[in-house]
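Asker: The chain contents come next:
Number of protein chains: 2
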Amino acid sequence: MQIIGEKINGTRKRVAQAIAERDADFIKSLALRQVEAGSAWLDVNAGTPPDREPDDLVWLIETIQPVIDIPLCLDSANLKALQTAVEVVDKTPLINSISGEPERLKGVLPLIAKHDCQVIALAMDEKKIPETSERRLEIIGRVLAETRAAGVPDEHVYCDPLALTLATNADSAVVAFQTMHAIKKHFPAVHLTIGLSNISFGLPARKYVNRTFLTLAMQAGLDSAILDPLDRDMQAAILATELVLGRDEHCLNYVRASRAGAFDEKGQKA
Amino acid sequence: MQIIGEKINGTRKRVAQAIAERDADFIKSLALRQVEAGSAWLDVNAGTPPDREPDDLVWLIETIQPVIDIPLCLDSANLKALQTAVEVVDKTPLINSISGEPERLKGVLPLIAKHDCQVIALAMDEKKIPETSERRLEIIGRVLAETRAAGVPDEHVYCDPLALTLATNADSAVVAFQTMHAIKKHFPAVHLTIGLSNISFGLPARKYVNRTFLTLAMQAGLDSAILDPLDRDMQAAILATELVLGRDEHCLNYVRASRAGAFDEKGQKA
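Heads up: the protein sequence lines correspond to chains A and B, in order.
The numbers in the numbering used here rise by one with no breaks, and the one at position 115 of the first sequence is 115.
The numbers in the numbering used here rise by one with no breaks, and the one at position 83 of the second sequence is 353.
If we strip away everything but chain A, and leave its shape as in the complex, we get (with noise of 0.2 Å):
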């Protein structure tokens, strides 16, 4: 599982202050923390109106990238941000993200081919989110049809299925799963990733949903989540899944884990 850390994010209130300030040292810690607990990429959004998010989001990278040694996940809707922060980024970003909306394939889809960047595809359409996983399958394969003519690779491709609210829906995860089927079945090269905690959105007691959900989506093939590094509840079940999932040989990484501390004492009774 390769976590994209969701933490520096400007919709966050503490962040957006950072942002504002200019408080470097705040988001260093951010961006660091995130590393130590083992992010594969840093999700970055500045969260700013259209005007000033070119330079909020380019100041946030220059602040993080010295630190860090992992790529970024430029998270923005907003085309000249993107083009304006592939140029300053070190290492090659996952960009978050496209869908079947085809203004947004027409203007991303050239930045990410010419830049060799990895990509979040979402299943949906033009804002809509369709209920079925036959019509968020369509969607991927029209998406998967404009990157391949695009030239980029599918392997590079991270199709997030949708996880909309089971306070609304109680369907919702089961059709995700259902979509992460079907992606992988059509599409075996692609990836599949999640925004997490939108399953949870509504109700009481979210950590449970969010990490119930996560360890049947893993089992589902879910490769990659966006999700908050920092909550050791979350790193536990991704250790506890790979472990029952046979994907940790000899149990080394749970072991070590726990030895590391990991896990709440309070784990250490069955």
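By construction, these hints were calculated from the structure, which means they are not laboratory data.
Among the hints, erroneous ones may be present.
Simulated crosslink set (DSS-like; lysine-lysine; CA at most 25 Å straight-line) [claimed, not checked]: (1) Lys376/B / Lys398/B; (2) Lys185/A / Lys455/B; (3) Lys91/A / Lys28/A; (4) Lys184/A / Lys376/B; (5) Lys114/A / Lys128/A; (6) Lys376/B / Lys185/A; (7) Lys106/A / Lys128/A; (8) Lys376/B / Lys350/B; (9) Lys398/B / Lys361/B.
Listed next, with one range per pair, are the computed distances between beta-carbon atoms [unchecked claim]: (10) Arg52/A / His451/B: 50 to 56 Å; (11) Asp171/A / Lys455/B: 22 to 28 Å; (12) Glu87/A / Gly308/B: 17 to 23 Å.
As the structure is a prediction and not an experimental result, all values here were calculated from the model.
Backbone N, C-alpha and C fix where the C-beta goes; we use that ideal spot for every residue, glycine too.
Here the structure of chain A is known, so what remains is to put chain B in place on it, guided by the hints.
Answerer: The following block gives chain B in isolation, referenced to the frame of chain A:
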């Protein structure tokens, strides 16, 4: 998910002491708490030497029965103890267990058929547990040929695919899931159950392994399990898994359990 409450087991020191001292209050309280936590059956295992086991089992049953309103799961390898116990139970019990062992089947099956009991069938043979799901399915097939011949309907059989510890075999959970899928495919009317805690024997941070295994086993069709119903973490995993798998309409059980304090407060934050 139907829970078989596991706590009244004489192989546990405190329970052994209560049995030896005929401490009815302790046993009654342990029974009541498990019922209040939502058990569908209470497992009763005297765990004493064969000559004492019938008396001890009858004492346990007669102590527990007046204070509970659910059936018992009679857990004994001792035919005489089972024969004696079946005569004193108020409600038709679940018998724990039979396997592919011919001697055991010959002894216990007539009892099960005569009293219309439900029964747990282990996917093992004369104390040997096959490594592959194919061989485990084969054993379950042989056991079901015998239960059918004895007049026991498939719906009364709870098949346990067996979970060996991941500490010695990284594929142990995966083999259990494969066995579950195979059993449900070939024998759709039977139930699936499991003794949960074996999976993490010898590992650190066992609760994370147990709850993750439970989540994935429920996805594979598990509809009951022998576990500690007083373990809040396990109950939270069951509630969250039923929610995520779309088996909790309008999230009613989950939200209700949250209001009743079923989750750790920490869980309220996503």
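Asker: If a hint holds in the structure, say so; if it does not, say that too.
Answerer: Here's how the hints hold up against the structure:
no.	hint	verdict
1	Lys376/B / Lys398/B	18 Å, holds
2	Lys185/A / Lys455/B	22 Å, holds
3	Lys91/A / Lys28/A	17 Å, holds
4	Lys184/A / Lys376/B	48 Å, violated
5	Lys114/A / Lys128/A	28 Å, violated
6	Lys376/B / Lys185/A	47 Å, violated
7	Lys106/A / Lys128/A	18 Å, holds
8	Lys376/B / Lys350/B	13 Å, holds
9	Lys398/B / Lys361/B	32 Å, violated
10	Arg52/A / His451/B: 50 to 56 Å	53 Å, holds
11	Asp171/A / Lys455/B: 22 to 28 Å	23 Å, holds
12	Glu87/A / Gly308/B: 17 to 23 Å	59 Å, violated
The structure fails hints 4, 5, 6, 9 and 12 (numbered hints given earlier, in ascending order).
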